[in-house]
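*Asks:* Read off the chains here:
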Amino acid sequence: MRKRIERQTLHLYIEGELDMKNANDLKSLIDMEIDKKGIRIIVLHMEDLQFIDSSGLGVILGRYKKLLPLGGKLKISNVPPHLYKIMELSGLPKIIEFLPKKEVL
Amino acid sequence: MRKRIERQTLHLYIEGELDMKNANDLKSLIDMEIDKKGIRIIVLHMEDLQFIDSSGLGVILGRYKKLLPLGGKLKISNVPPHLYKIMELSGLPKIIEFLPKKEVL
Amino acid sequence: MKVNKIILTFSSLPENVTIARMLTSALGAQLNLPLNELEELKVSVSEAVSNAIIHGYNNNPDKFVTLKIDATTDKITIQVIDKGRGIPNIKQAMQASFSTDPERMGLGFIFMQSFMDKLNVESEIDHGTKVIMVKHINTQPPSSH
Amino acid sequence: MKVNKIILTFSSLPENVTIARMLTSALGAQLNLPLNELEELKVSVSEAVSNAIIHGYNNNPDKFVTLKIDATTDKITIQVIDKGRGIPNIKQAMQASFSTDPERMGLGFIFMQSFMDKLNVESEIDHGTKVIMVKHINTQPPSSH
Ligand SMILES: Nc1ncnc2c1ncn2[C@@H]1O[C@H](COP(=O)(O)OP(=O)(O)O)[C@@H](O)[C@H]1O
Ligand SMILES: Nc1ncnc2c1ncn2[C@@H]1O[C@H](COP(=O)(O)OP(=O)(O)O)[C@@H](O)[C@H]1O
Chain L
6 MRKRIERQTL HLYIEGELDM KNANDLKSLI DMEIDKKGIR IIVLHMEDLQ
56 FIDSSGLGVI LGRYKKLLPL GGKLKISNVP PHLYKIMELS GLPKIIEFLP
106 KKEVL
Chain E
6 MRKRIERQTL HLYIEGELDM KNANDLKSLI DMEIDKKGIR IIVLHMEDLQ
56 FIDSSGLGVI LGRYKKLLPL GGKLKISNVP PHLYKIMELS GLPKIIEFLP
106 KKEVL
Chain A
29 MKVNKIILTF SSLPENVTIA RMLTSALGAQ LNLPLNELEE LKVSVSEAVS
79 NAIIHGYNNN PDKFVTLKID ATTDKITIQV IDKGRGIPNI KQAMQASFST
129 DPERMGLGFI FMQSFMDKLN VESEIDHGTK VIMVKHINTQ PPSSH
Chain S
29 MKVNKIILTF SSLPENVTIA RMLTSALGAQ LNLPLNELEE LKVSVSEAVS
79 NAIIHGYNNN PDKFVTLKID ATTDKITIQV IDKGRGIPNI KQAMQASFST
129 DPERMGLGFI FMQSFMDKLN VESEIDHGTK VIMVKHINTQ PPSSH
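Note that the protein sequences, when read in sequence, are chains L, E, A and S.
Going from the first sequence to the numbering used here is simple: count from 1 and add 5.
Going from the second sequence to the numbering used here is simple: count from 1 and add 5.
Going from the third sequence to the numbering used here is simple: count from 1 and add 28.
Going from the fourth sequence to the numbering used here is simple: count from 1 and add 28.
One chain only, chain L, in its complex shape:
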């Protein structure tokens, strides 16, 4: 997974499949950035995400909830069309900000 920090914002480029096999790795990685490096704004880039299920979505929602009381934010960008339906069903778009491509720095 590619990562980039710019203007105190952590950009994570999630690739391939996000399920129970690797959701915990993403969780640890993000928690480390929040706890150890003081990151408060995170953008998850999903253009190269091929598959996600509730294990993956759960970790994303969990990180959002962790950042809230710290005054932080988590945003999602570039969800591929074949994942729209599962995103919609999960209710995440009602809670988390979804950025269209051009608004992302």
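Incorrect hints may have been included.
[Said to hold, decoys possible] Using 25 Å as the maximum straight-line C-alpha spacing, the simulated DSS-like pairs for lysine-lysine come out as follows:
no. : chain 1 : residue 1 : chain 2 : residue 2
1   : L       : LYS90     : L       : LYS42
2   : A       : LYS91     : S       : LYS146
3   : A       : LYS91     : A       : LYS158
4   : S       : LYS158    : A       : LYS33
5   : L       : LYS32     : S       : LYS30
6   : A       : LYS146    : A       : LYS158
7   : L       : LYS90     : A       : LYS103
8   : S       : LYS146    : A       : LYS96
9   : E       : LYS26     : E       : LYS8
10  : A       : LYS30     : S       : LYS91
11  : S       : LYS146    : E       : LYS90
12  : S       : LYS103    : L       : LYS26
13  : E       : LYS26     : S       : LYS103
[Stated by the list, open to error] Covered by chain L, per the in silico footprint, the following chain A stretches (three or more residues, Cβ under 8 Å):
no. : region
14  : 33-47
15  : 53-63
16  : 88-96
17  : 121-134
[To be verified] Far from chain E, by Cβ distances over 10 Å, these chain S residues were calculated:
no. : residue
18  : VAL31
19  : ARG49
20  : ALA54
21  : LEU61
22  : GLU67
23  : GLU75
24  : SER78
25  : ASN88
26  : ASP90
27  : ASP98
28  : ILE118
29  : MET122
30  : PHE126
31  : ARG132
32  : PHE139
Derived by calculation from the structure, the hints in this document are not laboratory data.
No residue lacks a Cβ here, since even glycine has one placed at the ideal position from N, Cα and C.
Given chain L, put chains E, A and S with the ligands in place with the hints provided.
*Replies:* Frame of chain L; chains E, A and S with the ligands shown alone:
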């Protein structure tokens, strides 16, 4: 599978996997060209072949043997490197002519 | 009618969720399912298998999960079976946002329900759980979407 | 040592040769087998499963073939099992160019033998055949080839 006839030579471009699932289709297709259309020279292009096993190799050898008494010929071109070993083991290169890329029209 | 039956039994390991999904996907592709339905099938299998491993077996890798797929020309039936701890209250478990694990979303059954045409759960405490899902195959040429 | 066990039982249909191969390949990829060894594993499974369907069951799609894969960190053991007609003379059957089908090359067992580190065949007339193949996993970093 793409096919092309040029100067009475049938060029067949084999794609994907050639195993017991589809080897018979290749057999019927070639036999039709030989029996109905009088084709006597066949070049099998293998650059897009991803997998072959003894079922696939058997059909190729069988077509070669069918053409021999008819005064015909079957040649193979552009075997991808990952299939060299199985070709070698099958003994086909000792029987059938393998053409490097540039010799093929 | 041609029938294809496939039974996959595998160690209760996270990496086998990928294997189970890939198998489902390969079979669905052979049945010429449209891409979006393939995707939905994969999610459903992923949820049921993850549940078997996480909830049924509490991530014990020495246990086994079974995925049964029956494909005919007009429907695909998928069963995911574990011999784990079972579900005390199936109705409650299937509700949106219900989870016995505070870290999870409680959406697994919701996804299965939304993505499949039929969902049935059988479970017995300490004997295990069987999730049965059916997807109809649209044999009409695509038109209305 | 971590062990992954996978058992696939499937209808004796030609398209399931693809499924069996894909499963093997997915598992091999998770074990980080080099590409050429993955290729060789796929050929071996393809040959054994094709034999079960063609020779064991005479292409009867109502029968079942079983593929068992046991993977540890240092070797992968593959078994292909049918309950078909059995092999009367195993030694003869394993010879190069021997085939009971004039359309076939008689190279299946030769490929399995060449591509795997160990090959063992058990068979009983009218009870079926079990092909057991082992591939060692080179845990050293690649160097000598
Ligand atoms: N195979 C299973 N074995 C035991 N309990 C299960 C199983 N599947 C589901 N459950 C129970 O049902 C609840 C809801 O499942 P689900 O909707 O998939 O959400 P989640 O997995 O996020 O908890 C789980 O939290 C668990 O308590
Ligand atoms: N599973 C099986 N059941 C019955 N006979 C088998 C089986 N596998 C192999 N055989 C016998 O062994 C012979 C040699 O097999 P093989 O080397 O794979 O060559 P081929 O498949 O080209 O005949 C076959 O022709 C068949 O008679």
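*Asks:* Please verify whether LYS146(S) and LYS90(E) have alpha carbons no more than 25 Å apart.
*Replies:* This hinted pair holds, its Cα atoms lying about 18 Å apart.
*Asks:* Is the hinted pair LYS26(E) and LYS8(E) satisfied, with a Cα-Cα distance of at most 25 Å?
*Replies:* holds, 20 Å
*Asks:* Looking at ALA54(S) again, its CB stays over 10 Å from all of chain E?
*Replies:* Holds, because the least Cβ-Cβ distance between ALA54(S) and chain E comes to about 14 Å, which exceeds 10 Å.
*Asks:* Take the region 53-63 of chain A, compare each residue's beta carbon with every beta carbon of chain L, and decide whether three or more fall closer than 8 Å.
*Replies:* violated (count 1)
*Asks:* Going by Cβ atoms, does ASP90(S) stay more than 10 Å from chain E at every point?
*Replies:* holds, 18 Å
*Asks:* Beyond 10 Å from every chain E Cβ: check whether that's true for ASP98(S).
*Replies:* The claim holds: ASP98(S) sits with its nearest Cβ about 23 Å from chain E, beyond 10 Å.
*Asks:* Report holds if the minimum CB distance from SER78(S) to chain E is greater than 10 Å, and violated otherwise.
*Replies:* The claim breaks: SER78(S) does not keep its Cβ more than 10 Å from every Cβ of chain E (closest is about 5 Å).
*Asks:* Given the proposed pairing of LYS90(L) with LYS103(A), does the C-alpha separation stay at or below 25 Å?
*Replies:* Roughly 22 Å between the alpha carbons, so the hint for LYS90(L) and LYS103(A) holds.
*Asks:* Determine whether the non-interface label on GLU67(S) survives the test: each CB of chain E must be over 10 Å from its CB.
*Replies:* violated, 5 Å
*Asks:* With 10 Å as the threshold, tell me whether VAL31(S) passes as away from chain E on beta-carbon distances.
*Replies:* For VAL31(S), whose nearest Cβ neighbour in chain E is about 28 Å away, the distance exceeds 10 Å, so it holds.
*Asks:* Does ARG132(S) clear chain E by more than 10 Å, comparing its Cβ with all Cβ atoms of that chain?
*Replies:* It is violated; ARG132(S) is separated from chain E by about 5 Å at its closest Cβ, not greater than 10 Å.
*Asks:* Quickly compare the C-alpha distance for LYS90(L) and LYS42(L) to 25 Å and report which way the hint goes.
*Replies:* Violated: LYS90(L) and LYS42(L) sit about 34 Å apart, past 25 Å.
The structure fails to meet hints 1, 2, 8, 13, 15, 16, 19, 22, 23, 24, 31 and 32 from the earlier list, while all remaining hints are met.
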